Amino acid sequence: MAARFREKEQRPNPLEHLNLADTLVFGFSWMLVMAIGLMPIFETTIERPPSISMPAVIAFFTAVGSGVMLKRRYSWVGLVLHIFGQILIWLSLFVISLAIALYARG
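In terms of our numbering, the sequence shown has 17 at position 17, counting the first letter as 1, and numbering is strictly consecutive.
Some clues are possibly wrong.
So the derived label-pair ranges between C-beta atoms look like this [as the list claims (entries may be wrong)]:
no., residue 1, residue 2, range
1, Ser-92, Leu-24, 33 to 41 Å
2, Leu-102, Lys-71, 22 to 30 Å
3, Ser-53, Ile-89, 30 to 38 Å
4, Met-54, Thr-23, 24 to 32 Å
5, Arg-105, Arg-72, 20 to 28 Å
6, Tyr-74, Met-31, 36 to 44 Å
7, Arg-105, Val-68, 32 to 40 Å
8, Arg-73, Gly-106, 29 to 37 Å
9, Leu-81, Gly-106, 14 to 22 Å
If you're looking for bench data, these hints aren't it; they were derived computationally from the structure.
Note that the structure is a prediction, hence the values are computed from the model and not measured.
Backbone N, C-alpha and C fix where the C-beta goes; we use that ideal spot for every residue, glycine too.
Required output: the full structure, derived from the provided sequences and hints.
If you want it as structure tokens, here you go:
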């Protein structure tokens, strides 16, 4: 019976892996990449032709920078998937918002 109680004490606490700083970096980088993906709509409202160069550079460095900051939380496969995921989300949002902006502009 004493062995059962010792077994419960040795269980890891699920809140030990919860790191608020890493979670904030993760969430902020995803929100920033999604906002950058919607830049063509904003550029159309200020009557400027949409560009791809600056949003692409910002999205790439945001993805890589957040991956570097999260390297202790994930394995290298997780980091690669995080970076590719952010770039693909940015690219899909960018293409959709560019199509919307070009359609709205006529």
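Here is what the structure says about each hint:
Range check, Ser-92 to Leu-24: Cβ separation about 24 Å, and the 33 to 41 Å hint is violated. A hinted range of 22 to 30 Å for the beta carbons of Leu-102 and Lys-71 is inconsistent with their spacing of about 38 Å. For the pair Ser-53 and Ile-89, the supplied restraint of 30 to 38 Å is violated, since their beta-carbon distance comes to about 19 Å. Taken as a hint, the range 24 to 32 Å holds for the pair Met-54 and Thr-23, whose Cβ atoms sit roughly 28 Å apart.
Against the hinted window of 20 to 28 Å, the Cβ-Cβ separation of Arg-105 and Arg-72 comes to about 45 Å, which falls outside the hint. For the pair Tyr-74 and Met-31, the supplied restraint of 36 to 44 Å is violated, since their beta-carbon distance comes to about 19 Å. For the hinted restraint 32 to 40 Å between Arg-105 and Val-68, the CB-CB distance of approximately 38 Å keeps it satisfied. Between Arg-73 and Gly-106, the C-beta spacing of about 46 Å breaks the proposed range 29 to 37 Å.
Between Leu-81 and Gly-106 the beta carbon distance is about 39 Å. The supplied range of 14 to 22 Å is therefore violated.
This entry does not satisfy hints 1, 2, 3, 5, 6, 8 and 9, going by the numbered hints stated previously.
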